[in-house]
Amino acid sequence: MADLKRPLPNLKEHDTREFWQATKDGQLKYQRCDDCRTIVFYPRHHCTGCLGDKLTWHTASGRGTVYSFSVVRKAEHPFFRTLVPYAVAWIDLDEGPRLLSNIVGVDDPAKDIKVGDRVTVEWEIHDELALPLFRPA
Amino acid sequence: MVSQVQDAAIVGVHEYPSRKVEGKLSPMQIKATSAARALADAGLTWKDVDAIYDAGEGGGGMSGLTIAEYFGLKPNVIDTTAVGGSSYEFHAAHAKRDIAAGKARVALLTYGSTALSHAMAIGTGGRGGYATHPADNMDSFAGMTLVSNYAMVARRHMHQYGTTSEQLAEIGIATRLHAMRNPEAVAAMTALGFLDIRETTIADVINSPLIADPLHRLDCCMISDGGGAVVIAAADVARDCRKKPVWILGTGEATKYPENGGDITVSAAAQSAPRAFGEAGVKPGEIDIAMIYDSFSITVLTLLEDLGFCKKGEGGAWVSGGRLRFDRPKDGPALNTDGGGLSSNHPGMRGIFLLIEATRQLRGESTSQVNGARLAVAHGNGGMLGSRHSGGTVILGRD
Numbered sequence: 001m002a003d004l005k006r007p008l009p010n011l012k013e014h015d016t017r018e019f020w021q022a023t024k025d026g027q028l029k030y031q032r033c034d035d036c037r038t039i040v041f042y043p044r045h046h047c048t049g050c051l052g053d054k055l056t057w058h059t060a061s062g063r064g065t066v067y068s069f070s071v072v073r074k075a076e077h078p079f080f081r082t083l084v085p086y087a088v089a090w091i092d093l094d095e096g097p098r099l100l101s102n103i104v105g106v107d108d109p110a111k112d113i114k115v116g117d118r119v120t121v122e123w124e125i126h127d128e129l130a131l132p133l134f135r136p137a
Numbered sequence: 138m139v140s141q142v143q144d145a146a147i148v149g150v151h152e153y154p155s156r157k158v159e160g161k162l163s164p165m166q167i168k169a170t171s172a173a174r175a176l177a178d179a180g181l182t183w184k185d186v187d188a189i190y191d192a193g194e195g196g197g198g199m200s201g202l203t204i205a206e207y208f209g210l211k212p213n214v215i216d217t218t219a220v221g222g223s224s225y226e227f228h229a230a231h232a233k234r235d236i237a238a239g240k241a242r243v244a245l246l247t248y249g250s251t252a253l254s255h256a257m258a259i260g261t262g263g264r265g266g267y268a269t270h271p272a273d274n275m276d277s278f279a280g281m282t283l284v285s286n287y288a289m290v291a292r293r294h295m296h297q298y299g300t301t302s303e304q305l306a307e308i309g310i311a312t313r314l315h316a317m318r319n320p321e322a323v324a325a326m327t328a329l330g331f332l333d334i335r336e337t338t339i340a341d342v343i344n345s346p347l348i349a350d351p352l353h354r355l356d357c358c359m360i361s362d363g364g365g366a367v368v369i370a371a372a373d374v375a376r377d378c379r380k381k382p383v384w385i386l387g388t389g390e391a392t393k394y395p396e397n398g399g400d401i402t403v404s405a406a407a408q409s410a411p412r413a414f415g416e417a418g419v420k421p422g423e424i425d426i427a428m429i430y431d432s433f434s435i436t437v438l439t440l441l442e443d444l445g446f447c448k449k450g451e452g453g454a455w456v457s458g459g460r461l462r463f464d465r466p467k468d469g470p471a472l473n474t475d476g477g478g479l480s481s482n483h484p485g486m487r488g489i490f491l492l493i494e495a496t497r498q499l500r501g502e503s504t505s506q507v508n509g510a511r512l513a514v515a516h517g518n519g520g521m522l523g524s525r526h527s528g529g530t531v532i533l534g535r536d
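These protein sequence lines map, in sequence, to chains H and Y. Counting from 1, one number per residue, gives the positions in the first sequence under this note's numbering. Counting from 138, one number per residue, gives the positions in the second sequence under this note's numbering.
Any given hint could be a false lead.
[As the list claims (entries may be wrong)] Capping the alpha-carbon separation at 27 Å, the derived lysine-lysine pairs in BS3-like fashion look like this:
no.	chain 1	residue 1	chain 2	residue 2
1	H	Lys114	Y	Lys449
2	H	Lys29	H	Lys12
3	Y	Lys157	H	Lys74
4	Y	Lys380	Y	Lys240
5	H	Lys74	H	Lys54
6	H	Lys24	H	Lys5
7	H	Lys114	Y	Lys448
None of these hints come from the bench; they were simulated from the model.
All chains, please: the whole structure from these sequences, using the hints.
The following block contains the structure:
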């Protein structure tokens, strides 16, 4: 049978599990190094800015800006085939991290989204986690 | 031009002619057949090969353990650098280095793929499945297809610099012009069922369906079967080969990945190209032939800028008016004179064909020959331009 469900993150993946666990509580987390203040995202076990590993989790506001986006019109994955046309986007969170997501809540993604648009997180709830999608602010 | 070190040269090439093997051949068979023909092109034999460079695309895993046995060789150097479509530019760089260090004399690079026969969704397949790498585990829920990954670079390029879809279309119409002059490319388009095999216009590209905005179908490469081989030899071997040597004058390697606050309109080539041109003692303005990985139109536009043919952001205006055609040598380099991945050959990792067609040009053997071509650049891009990718730059020149 074709898998008509959205592919979900693996909750056991070592670097990212705390990020995904926090989504259950509607929290969009990112790491910052206590020593050199580097923002580390995607999450990791070590600081990429210095030799330390004192990474502290912070909670982002969920507000950000569209860095770039595309409207997908052709997809092979069974779930995404049901979703076309849909918008994928790089979102720059106000706190610094850039993450890949979808922009939802627009009538026509080709006309209603522009680079630089302000967006805010909209959680898509699943059994064990939630996905941070974004809609126009 | 500063004095150039001529320590390693491409002496043999072969591009596997079929782009649709209909499941009758394996990638390994395509590799071995191509290797034998490239060695024959050089006037060498299997026994001369003492170094193998392999990206592992033949399948089975750990190709360093199996590839020499399959070929029946006992090499002194085995390099299994696997960086997608740029693997062969990395391999050429490593072969030059190993030959210069006295570790090898005759290096063999091979490629084989049945991406078409096995219906590999290399273009529109959303990633998914069980992610084990943290980056994939952050990204896979969003359904970013390969095309949309590149489309986001195009979108950002348009936003920052005012680049237009019409300007991007120039890439595809130049490569199609060259493809129509290349019988193997025409045969490829025919085998793959292209609907309308002819020279194209900007309007043709703009009017083709959007696959992932703002990229249209004719901004995207084909998905074919295919393969090829390249033989690289030390100077003393090269001087005695059947054809004139094509010297590897300079190389550069780099990777690029998403960074918070980073600029996705800048590729790994911005790091690899200055090293390659510097080592070669060549300036972009001296280059006759630009063999640039054309997975998509935006790939070429980005790479032309990062290779230094024009300033960042000026690529759209620079490529306009048919500048990249083979018959306008005074306007700068001719682009992908074999027809490119857009219109001739793209089985998933095109990097080897960049070296092969550059060699043909510098030997005077291309179907869209630039008269008197002396210098070429081959730049391979592996992975995904809009996220994590690698770039390998190779500067080639004839005597």
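Do the hints match the structure? See the list:
1. H:Lys114 - Y:Lys449: holds, 22 Å
2. H:Lys29 - H:Lys12: Between Lys29 of chain H and Lys12 of chain H the Cα gap is close to 17 Å, so the pair holds against 27 Å.
3. Y:Lys157 - H:Lys74: holds, 23 Å
4. Y:Lys380 - Y:Lys240: holds, 24 Å
5. H:Lys74 - H:Lys54: Violated, at about 43 Å.
6. H:Lys24 - H:Lys5: holds, 19 Å
7. H:Lys114 - Y:Lys448: holds, 25 Å
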